[in-house]
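Asks: Take these sequences, add in the hints, and give me the full structure.
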Amino acid sequence: MSFPWANQYQPKNPVMRWVDERLPLPRLVYNAVGAGYPVPRNLNYFWNFGVLAGVALTIQIVTGIVLAMHYAANADIAFLSVEHIMRDVNAGWLLRYAHATGASMFFIVVYIHIFRGLYYGSYKAPREMVWLLGVVIFLLMMATAFMGYVLPWGQMSFWGAQVITGFFSAIPVVGESVRVWLLGGFAPGDASLNRFFSLHYLLPFVIAGVIILHIWALHIPGSSNPTGVDVKGEQDTVPFHPYYTAKDGVGVGVFLLVFAVILFFAPNYLGHSDNYIPANPLSTPAHIVPEWYFWPFYAILRAFTFNFLWIPAKLWGVLAMFASILLLFFLPWIDSSPVRSGKYRPTFRIFFGILILDILVLGWCGGSPATPGYVITGQIAAIYYFAHFLIILPIISRTERPRPLPNSITEAVLAKKGGSPADSTLAAE
Amino acid sequence: MVRFFSWLVGAGFVGALLFALVSSISGLITEPPQPTVTEEFHKEPKPLSLASDGPFGKYDNQQLQRGFQVYKEVCAACHSIDLVHFRDLEGIGYNKAEVKAIADQWVIEQPTINPDTGEASTRKNLPSDPFPRPFANDVAARAANNNALPPDLSLIVKAREGGAAYIHSILTGYEKPDPEIAKKYPDFEVLEGLHYNPYFPSLAIAMAQQINSDGQVQYVDGTKPTIDQMSTDVTAFLVWTAEPKLEARHAAGMAAVIFLLIFCFLTWGAYKNVWRNVEH
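Protein sequences, first through last, are from chains H and P. Numbering-wise, UniProt numbering puts 302 at position 302 of the first sequence, and it's gapless, one number per residue. Numbering-wise, UniProt numbering puts 87 at position 87 of the second sequence, and it's gapless, one number per residue.
Derived from the structure by calculation, the hints contain no laboratory data.
Straight-line Cα separation of at most 25 Å, SDA-like style, residue types lysine to any residue; simulated pairs:
id, chain 1, residue 1, chain 2, residue 2
1, P, 184, H, 373
2, P, 96, H, 83
3, P, 158, P, 252
4, P, 158, H, 267
5, H, 416, H, 352
Stretch-level coverage of chain P by chain H, calculated; a stretch enters the list once three of its residues show a Cβ under 8 Å from a Cβ in chain H:
id, segment
6, 15–21
7, 25–34
8, 152–163
9, 237–249
10, 269–280
Glycine included, each C-beta is placed from N, C-alpha and C at the ideal position.
Replies: Structural data, given as structure tokens:
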């Protein structure tokens, strides 16, 4: 589906016409990310992050495929093979640092993408399916990142695998058997490393598949926009190409610049020094911490220290950690406010601001040692996290009085710019 | 319906957390955490500046060669650097002939198999060999070192929080235990075979002070071999063993950043040009 005024694909040269008649792939691309996709004209830079996530995934897949040519998934030599890449493979240091930094960049970009969706109500009708698929992608990313972090077989790799697979042992009765089945042994070992490598290679392609569905679902209603008001007519949109390809170009440039600065000048800043020590099942690191992008969830896990209602604290923690992500699946129905954009929701805006701070606090606690001060701070922050989504949001979505919405995207744009006759030139473009 | 379940689930988690919070706080009040000797007397690494620091950092080959000499004459008796090959020494300014000579004269020989009898044997090192380990295995290493295992030093700078500054502080940080400790923590003692070093997380390290007297190593370039100088030099060498491609990385980074700045400038111009007639 598209808007009736969308540009139609007109092959200019005979080869493309020949291809298009037999396999309309050029048409598909034209309609998906070309001039055939009308997009609201008022998107801000937060709308760059979907494309940036795609760029990040591409970088991960390309560097990952080459790294896999040199890496050996064997518990005896995995660590050495990574150092072989760093020292003896041509530009191996570049590939590995790009892949490791790239994982962090991917998460930074995806977190901003998710919070943009949360603030501007991108999860609301008619885009629920886009949101649901997005949460699926996020879960797949987390699984992929976790398994990738195990591959260098350093101390944090090993003990991280130990802790994370340990979650499953919290399941009553069958937990321990499930854990042993997942690991292929009683502790992380060669069997675990090999299956993690296999899945780490597979899942990015699954992610790519779900991204295609995510974009497909997006193209049914079309992109949302900062006002949250529906597109009313042709004057509200511009063709994706060249308008948003140009704007995304700027975003990609800035993204790559930040990426390059970290990659070339501080490649180990986001990592943990213990992972440069080879895995040793007999020596537990003083503080086992996951990568930064899991810190908020780790803090939630650790916040549950009480056997409430006879359910063990560990099971509460594991349930809560999974629930903290799974609740996002229900968000379109939990938040029933008809107004999409947080810009016009004064009460929501305040709580959204608190949520951002809250998640930063959770991350800070999750990355710190489990001393009483951090645990208590983490517990307070975890209370707000669940209260925000499951208690506060359903209430404010009913009681809040939204500010008046603009009649159209164009009206909002012109009001912001103080009115301009340049608008009429749009149709000629 | 969704909202009802949402409240129910939310109440469950918030309830469990409130109980946990109350129990944490009451635990904090009834049993306030006691300060520990390591918390109070552990010191953060002393700042250290090396030529390789910062985005423009390059290795000082003179210093790395001095550091290699300290490694060879002091550290190599116990610590391996088995991720490094003799051939890699070309990266710190030795030529092929010098590398060959260094490998050939290395005291510990390369383990091999006698081609006639098949028995374990050793031979002289070649440039293509990794640095041989000083002990045949970890058991032998522990047996010779009061049951402490001297770690491989190839990655030590990247494998310790605090990096080069930490290594330098450990090497130069040996001192008599602070008399305050005996007053405040009468139970604290440095066990037999351990050595007090406030920069080490547990304050007591198995390694004795190895770089312990000025002039322990005779530098050929005339640099005065003070304890601090030798420690700094060997730390610089270990920065290199951990990150031998640092110079290539910094150079590539400069080129990448300049390229991307131009890229950003051009895409910004393209964006401004494309959107010039559209209010947005």
